[in-house]
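Starting from the known structure of chain A, fit chains B, C and D onto it as the hints suggest.
Line by line, the protein sequences give chains A, B, C and D. Anchor point for the first sequence: position 220 equals 220 in the UniProt record's numbering, and the numbering is continuous, going up by one each time. Anchor point for the second sequence: position 20 equals 20 in the UniProt record's numbering, and the numbering is continuous, going up by one each time. Anchor point for the third sequence: position 98 equals 98 in the UniProt record's numbering, and the numbering is continuous, going up by one each time. Anchor point for the fourth sequence: position 106 equals 106 in the UniProt record's numbering, and the numbering is continuous, going up by one each time.
Everything labelled a hint here was simulated from the structure, so no lab data went into it.
Now the in silico label distances, taken between C-beta atoms and shown as ranges:
(1) E301/B x N3/D: 35 to 45 Å
(2) D313/D x A113/A: 25 to 35 Å
(3) P27/B x A75/A: 48 to 58 Å
(4) A100/C x A126/D: 39 to 49 Å
(5) D117/D x S132/C: 15 to 25 Å
(6) E168/C x R155/D: 45 to 55 Å
(7) G236/A x G169/B: 15 to 25 Å
(8) A26/D x A100/C: 47 to 57 Å
(9) A120/A x S311/D: 32 to 42 Å
(10) T307/B x R155/D: 39 to 49 Å
(11) D297/C x A191/A: 29 to 39 Å
(12) P188/D x A121/C: 34 to 44 Å
(13) E301/D x A120/B: 58 to 68 Å
(14) S311/D x L99/A: 48 to 58 Å
EDC-like, lysine to aspartate or glutamate: derived pairs with alpha carbons at most 20 Å apart:
(15) K103/A x D125/A
(16) K240/C x D280/D
(17) K103/A x D149/A
(18) K103/B x D149/B
(19) K103/D x D149/D
(20) K240/A x D280/B
(21) K240/C x E88/D
(22) K240/A x D172/B
(23) K240/D x E88/C
All residues carry an ideal CB built from backbone N, CA and C; glycine is no exception.
Number of protein chains: 4
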Amino acid sequence: MPNQYAYLGPAGTFSEAALRTLLPEAPVGTMVPCIGVDAVFTAVREGRVDGGVVPLENSVEGGVTATIAELINGAPVMITAEVAVPVEFTLFAREGVALADIKRVATHPHALAQCRDWLAANLPDAETYSVSSTAAAAQAVAEPGSQYDAAVSARIGGERYGLHAVAEGVGDHSAAATRFIYVERPGPPPAPTGADRTSFVAFISDDHPGALIELLNQFAMRGVNLTRLESRPTGGGLGKYCFCIDAEGHVEEARVGEALMGMRRIGTEVRFLGSYPRADGDTSPTPLRPPRRTSNDDFHEAERWLTRIRSGDVS
Amino acid sequence: MPNQYAYLGPAGTFSEAALRTLLPEAPVGTMVPCIGVDAVFTAVREGRVDGGVVPLENSVEGGVTATIAELINGAPVMITAEVAVPVEFTLFAREGVALADIKRVATHPHALAQCRDWLAANLPDAETYSVSSTAAAAQAVAEPGSQYDAAVSARIGGERYGLHAVAEGVGDHSAAATRFIYVERPGPPPAPTGADRTSFVAFISDDHPGALIELLNQFAMRGVNLTRLESRPTGGGLGKYCFCIDAEGHVEEARVGEALMGMRRIGTEVRFLGSYPRADGDTSPTPLRPPRRTSNDDFHEAERWLTRIRSGDVS
Amino acid sequence: MPNQYAYLGPAGTFSEAALRTLLPEAPVGTMVPCIGVDAVFTAVREGRVDGGVVPLENSVEGGVTATIAELINGAPVMITAEVAVPVEFTLFAREGVALADIKRVATHPHALAQCRDWLAANLPDAETYSVSSTAAAAQAVAEPGSQYDAAVSARIGGERYGLHAVAEGVGDHSAAATRFIYVERPGPPPAPTGADRTSFVAFISDDHPGALIELLNQFAMRGVNLTRLESRPTGGGLGKYCFCIDAEGHVEEARVGEALMGMRRIGTEVRFLGSYPRADGDTSPTPLRPPRRTSNDDFHEAERWLTRIRSGDVS
Amino acid sequence: MPNQYAYLGPAGTFSEAALRTLLPEAPVGTMVPCIGVDAVFTAVREGRVDGGVVPLENSVEGGVTATIAELINGAPVMITAEVAVPVEFTLFAREGVALADIKRVATHPHALAQCRDWLAANLPDAETYSVSSTAAAAQAVAEPGSQYDAAVSARIGGERYGLHAVAEGVGDHSAAATRFIYVERPGPPPAPTGADRTSFVAFISDDHPGALIELLNQFAMRGVNLTRLESRPTGGGLGKYCFCIDAEGHVEEARVGEALMGMRRIGTEVRFLGSYPRADGDTSPTPLRPPRRTSNDDFHEAERWLTRIRSGDVS
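Okay, chain A solo, but in the shape it has when bound (with noise of 0.2 Å):
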């Protein structure tokens, strides 16, 4: 039986996109649209498929919430692979429809978000509803007699559906990307590349003063950079977060290893959530201050001092 792949549906979404960059060799019969979240998270977790891709984030809109609820309470998964996507919006529409004779628009309500401005300059009167996806307006605009003359979506979802282009990056940030995961049941995680990230949940029990700083200092003090903090609430009433966090580095690194020993021995609870390589190979150093030596050549060169000084060896 073949590998079999899910990702957030329906088809013809970003996260198709997303799983078609991760996996451009997996043929399209392997890939598995599901509605919703968890219902992607379900499938990996039950064996139905090999793994699954959803999103994380987004540079616009932040952290994506039933994504994080997952990582956070839910059983166990390991990320082993990420990707970011360009948020490329183009209106679609049937053949033979043009720009000027567009009056119902539909797509998502946080596409219509980022696109709000290109649709106010460039379609001032048409009206514009809300459905369930991007690629959910597509597919509603291909139907024979559908009561919208266009959709907002990926290119994927527009292509798909047999729509032709009308406008192209239609969304009012140019910049914006979605940053995907890959998720699998747990594992050993892939073999550093050298340019990796670390994932996890830290939940801190003590909450004086200081108690996050204790937690960041340390990385800070094995010169491993945060490249993402984001607090969710645990469920326990206002006032009561975790962090999900991204470190660079591999947990086969030591400086990683230690740091996140470190943070449990300090009496933070942390859920691993994988090292997987970075989507950006971002090898470039961080200008750390002050210089320090952050490389698994150093760790061992200070493990093999430190068992030079205990033989007494201080020559």
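Coordinates of chains B, C and D only, in the frame set by chain A:
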């Protein structure tokens, strides 16, 4: 002309309940529902109302993206009050409809997510329908010949549309609450009460490891606890964040004023959002470690000491 | 050939008392007085003795410059034991001499400084004379036809030269004590006892504000208390210092080992001086704030956890 | 009556050289040698002189215990100036005595320690004798029928007693220097010059790990570099220390004032010792990491900003 107050409508939402809690004396006719968080902010900014109520964060879902976006990016407003409203969901139907009769339930998607377990246990065969707000669900159920049998909404919503409560407390998180803020056009903050909160947004320009630690240290070192820290994208691409922060205390207090000045001096751009009484009225001292003196009197005593030693009086 | 032990002489000093406390079983004949701290170190380094005792710090005068200079700049030795000797000064004279007869008192300048008040009150008309050690003072008083009537010295000094005690406890600081160390040629440190101390010298090459903080953080973050921090000039000019540091714990302990490695990685040059049992045998846990886990078991539990999550076991 | 100035005598010491450097216009007759550091402090406190010069620290030997003890425990005085004097030792003899003739050399023990290598190489057969100061050595050599052939002393010492220089630069550390301070009765400090130093003693009552870090943070966070940190026993037993600290800047500067106030608020007892011009006149900015704004203008700009936001002006 009487004062006017906006809230996130339609009538019957938790926002209306929050506004009534804040202004129990205000006539109902002075409360103006606005469709959309942005519409509330616009009404405030344009001076059509004295102030407006919007949700800021929910203990289950986290920060309200639309509100936070307005606070970060929109024209400045100032938070002058807050109120925490328990999120208690009630199942409402028309008079004469019993639980066993209910086949079609309407509500807002967030409410649906928070009542999923109850509905699965008590109405396993009912279909659910998403509408734009819990109040809109109640309104739709109240219409003659409605396609829905019941609505999940706030108590205020069902009552406003003349429905009767079939079941109370149908939410899965009994401690769930939403924190609402009251915003006005900028002006001097309300006087300190001794149990206040100060809100601001911090933009860290220097992303070396430790920049956030330095910011947090400005507060920890002066004994100011942070009660919320939420990262939000700045819109400048993945990996670019700012931090929405709530701190204990009032901007008129020396410890808060000095921490804000310190944050500014280390190069953090700050948008001040206001100082206002805490909804919980919590004045119990945070157990600081190590004990340190943080009252206005402590700061003023230190100033007097500095003046003395500057004058050569070291007795 | 029997073991031999050096101490800071001449015979009858507090150093001899310290050595006898450390090695109560050693025959007196194996204890070799050396004139000068440097002579003790030389005897140890050249292998003429097994080890030697020198004063490290005094609770009134502070660090002993000559000892610290040898530890910092001389050929490496290792501290393997310590002992704290109460500095109790006694006024000694020849048999038959009473307090009223005493006109000329000899002692070491440091002893003189520490007995000034007693002498002013009890021997206001006596002249005082500085000699090279308190033992030398006792020896000089014992000589026939001595120019001195009395000596202020340690008990061991007066007894060794056959003097009788005219007055005891003539020091002004009743709690005064001197801490002596026993140094040997480098070798594996004595096994951990559970109440140990670790000594080292730290050379900070980077003098930005905060370099010392970073060093101290390496210990504080791992729950290792520092019991002494003394800056000393490096000899490279005014404003150039290194730090002589004593820390709780043993280099074989994970918390100490990791802190030492961390210090090395941030670019601090470290000279390890040894781990040895604390003279006070204090095993009471320091009240750490916030509570954190610092035992070897805690470090090993954290290592096992890291191994598990590295293998994908996040159950 | 003319002004009078004390210094650590006898005449011809480095202290006299320091006083002449500080007050080049003062007639020699106004400079009063006092035997002992404590005598200088007493003369100042009792008003018999306007001020006095004592050594504070030496780049080879470290802090001068007697001076530091007076600053910590004696009646308050204030440092109003400092000067660094190069420690250049000269070998002096009576006219007509050549190097080859010298068999007996007198000097102070500290000078002996710092010239050991030169004497071993150039006068291997000479005997050395310790006297109470380098000036006393020169004086003794100058006496008719002196038992000594030569003295190691400061240039000023040999010249004062009419000796001739047999060899110059006989010290082993060519960069050696001693830092002298000028103390007066307490009063307003001299006006800021832009290149100042502030001295104080800090008594940390709370000895948890991290108490010193907190103290240091008060300075680091405001961009104030510390140029000296020296622990001294408080006299309360082994393991009880206070810290003698020199910081960049003047107590009139906002950054220094705020750091001192912060230190006081965290429970540190502080004895202020004065603000005065730096001997090195070093105004080059310390390379702060990260860059931060620390000038008075920066502090005042931050104050104006705080005043604005407190009044509701967030434009």
